[in-house]
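Asker: Residue numbers (the numbering used here), protein chains in the order written: chain A, 1 to 394; chain B, 1001 to 1337.
It is worth saying that the hints were derived from the structure and are not from the lab.
As the structure is a computational prediction, the values presented were derived from the model and not from experiment.
Some clues are possibly wrong.
[Stated by the list, open to error] Listed next, the in silico BS3-like pairs over lysine-lysine satisfying Cα-Cα at most 30 angstroms (straight line):
id	chain 1	residue 1	chain 2	residue 2
1	A	K124	B	K1060
2	A	K30	B	K1127
3	A	K155	A	K124
4	A	K24	A	K155
5	A	K14	A	K171
6	A	K376	A	K317
7	A	K183	A	K171
8	A	K193	B	K1250
9	B	K1250	A	K171
10	A	K168	B	K1250
11	B	K1251	A	K168
12	A	K14	A	K272
13	A	K383	A	K14
14	A	K365	A	K383
15	A	K124	B	K1250
16	B	K1250	A	K191
17	A	K216	B	K1127
18	B	K1250	A	K183
19	B	K1251	A	K183
20	A	K167	B	K1250
21	B	K1251	A	K193
22	A	K167	B	K1251
23	A	K191	B	K1251
24	A	K192	B	K1251
25	A	K124	B	K1251
26	A	K155	A	K183
27	B	K1250	A	K155
28	A	K383	A	K317
29	B	K1127	A	K24
30	A	K192	B	K1250
31	A	K30	A	K88
32	A	K191	A	K168
33	B	K1251	A	K155
34	A	K216	B	K1251
35	A	K376	A	K88
36	B	K1251	A	K171
[Stated by the list, open to error] Pairwise CB distance ranges, derived in the manner of DEER restraints:
id	chain 1	residue 1	chain 2	residue 2	range
37	B	I1104	A	G153	41 to 51 angstroms
38	A	K183	B	I1325	15 to 25 angstroms
39	A	G175	B	T1180	31 to 41 angstroms
40	B	S1112	A	E104	25 to 35 angstroms
Cβ atoms here follow ideal geometry from the backbone N, Cα and C, with glycine treated the same way.
One letter stands for each residue in the lines below.
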Amino acid sequence: MSPDNLDIQNSLDKDLIASVTDLKVYFESKQGMVHSVDGVSFDIVDGEMMGLVGETGCGKSVTARTFMQLVQSPPGMLAGGNIKFRSKNIKNGSQVIDLLDLSENQIRELRGERIAMIFQDPGKALNPGLTIRTQVAEVFQEHRENDVLEEAGLKNKLTGVTEYFVKKYIKQEAGFLVTTLFKIPPLSTYKKKIDSGINRLVAEALEETQIPNPTKVMERYPHELSGGMKQRVMIAQAIACNPDLLIADEPTTALDVTVQARVLDLIKELQKRHKTSVLYISHDLSLVRRICDRIAVMYAGQIVETGDAETIFNQPKHPYTQGLINALPSMSHERGKLEAIEGIVPELIEPEPGCRFVSRCMRRKANCEEIDPKLKPISEVNKSHKVACLLYEA
Amino acid sequence: MQIRDYIIRRLMILPILIIGTSIIVFALTRIGGSPIGIYLSHEMSPAEVQEMKERFHLDKPVPVQYFYWIKGVSQGDLGWSGVASAPVVDVFPKKFAATMELAIAAGIVAVSLGIAMGTFAGARRNKISDHIIRVVSVSGASMPLFWFAILLLIIFWVWLGWFPIGRSDPNLFEAIPHPTGFYTIDALLAGNFSAFRDAIWHLIMPAVALGYGATAIIARMMRSSLIEELQEDYVDAAKAKGLAERVVLKKHARRNALVPTVTVIGLTFGFLLQGTVVAEIIFRWPGLGRWMASAVLRGDQATIMTYVMFTSILFLFVNLVVDIIYAYLDRRVVLGD
Ligand SMILES: Nc1ncnc2c1ncn2[C@@H]1O[C@H](COP(=O)(O)OP(=O)(O)OP(=O)(O)O)[C@@H](O)[C@H]1O
Ligand code: SF4
Ligand SMILES: [Mg+2]
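The following block holds chain A by itself, in its conformation from the complex:
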């Protein structure tokens, strides 16, 4: 990505890795525009774990996908806002970019490299027709061409046309003809070296996520692995390039309860070791509290409260957050379901003005149906604790 065309005005507090401001993502539907994400703002502190919690359908996944420009369009459309992101580990130092401004090719360079994603259902997120090796290898082929060359013992050994084609081959940019040529001598000797180089990189990546017997697992197809194992593969693939930001969209929801804890611990441990920033999405508030430094609570396409995990838990201000915490069975580590609050989430189609939570709020006031509450700090002392509720607006 060339730094020249990036906006110099882009600025981001030094301690942040990303900042979402007033993000709006809508979907066209026959009934009207669905405001799935409608003015979302939150910050992700560098090296920390940010929890994004909310009921099903409140727009968590759409928010996450927007980071990578992965929202399908149509029907999706970006209706406003920006996502500032500090891209580190680049040759010319770190730089701040707006993820939503990037072209397809620019965002592609970040995907899997600076920003990686783990999906909810590892059984669906792996291609059933390709081996684990083939799938993990792609990350290295796409972003770590030099590492592949080095592992293959080909670094600085190639020149001219050969170098050109070997690189094309590694990056999967070669056409059918060239790919076929690599299967027969003399080019097949390069293919052998490249393959064994890639094998080492893939095995290393799998080892990182504590997969036993990586060289064996590599040759398997996804359906031959357990759910927990598949999620480990996904994690290995995601952290292969040591990204700055890891987005984990309910990575344990689809797993057996016994496996959930281990996968969670793994993510936490890797996050600490590599100082990766993580956006952890979940509908399980107690789980998020256990592992996250900060929390943003989402409701019907908006953030209603955000702050550090302890503050959110000990001094929740928004009636929705308060309801959630009261609904937790006890303050122990049992699961608290967000649906425990009475009432249903309002329609997101062409929403009326006013607070989205009004139909379920026990503390609503007269003007709650007319005025949109703004997300803002409510105390002078703790500026990072923000709430969107008219009770706290003067």
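Given the structure of chain A, go ahead and fit chain B with the ligands onto it with the hints provided.
Answerer: Relative to chain A, chain B with the ligands alone:
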């Protein structure tokens, strides 16, 4: 390893299937009446007729006739074709090669065009090119073959004169040997380029006519299964790795979309063979189809049985090949029962 065992097992049940088919074919043909008519002429006396019956074992019960037939087949005697006025064995290979050449050419047209069109349309869902391809494939699937074939014939042979009918220019092919019976291959083997061009030239129109319907079916299947695959999470996961659109489409989605398409391709092969009868009649292609048509009209049972047996066996093999490709493409298939 797994796949090899599977193939072996499938090959082992093949003879049983073939024997079963032969019984059914024989029984069904004999239901149509005694085949004696084709061997007789008006001048024959009752005694001569009786002699003919005995000569062909037609005086025996039907199950016994079956065994005589099988005995003949195993000795390379497929019976006498009244239509061709020659033993079936002598005529069959040439006609078979002609039909196969046509069917395979049509199959190549259908598979390559169908997959390409389906992929193109599926990847550009609801764009103009998708709509155009949809119109082309709907008409392909709904237009009767005889009608489309005659249309091509009128436009490209009668009006424009771009393409010839028949199978070849006899002057070019008398001179070269026919080791395979496939004129295109024979011409190549003989190194005769103008003969090769002539063979291809004769092939194009009937192959396109015959392949159009199958192209449409394959394209539609490919389109819908590709659209389905593109909705899958693994496609997003592949994009999230930073892969180019092209790699996501070709390496990830298309490969999986091919799985259901391959089954359809196997089915369309039957469609093609069936179509050869019409295509051969319209384009004067000297193959099995034309021969069969006259054989049916004249009750030439030896020819009919050979044809049906042969196509059935062909079918069994095609099915086997399709299942193997399917198992290879889709690793989730549990091989066996
Ligand atoms: N591809 C799409 N087409 C149309 N609408 C969509 C699409 N994706 C999301 N939406 C809409 O956006 C809303 C939010 O969806 P999202 O997947 O972000 O919810 P979520 O918070 O991740 O829920 P869950 O906990 O169930 O994963 C949904 O209610 C849905 O109506
Ligand atoms: S703004 Fe009003 S309705 Fe909304 S949460 Fe606050 S008090 Fe309740
Ligand atoms: Mg979700």
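Asker: Where does the structure disagree with the numbered hints, that is, which hint numbers, in rising order?
Answerer: 1, 3, 4, 5, 17, 31
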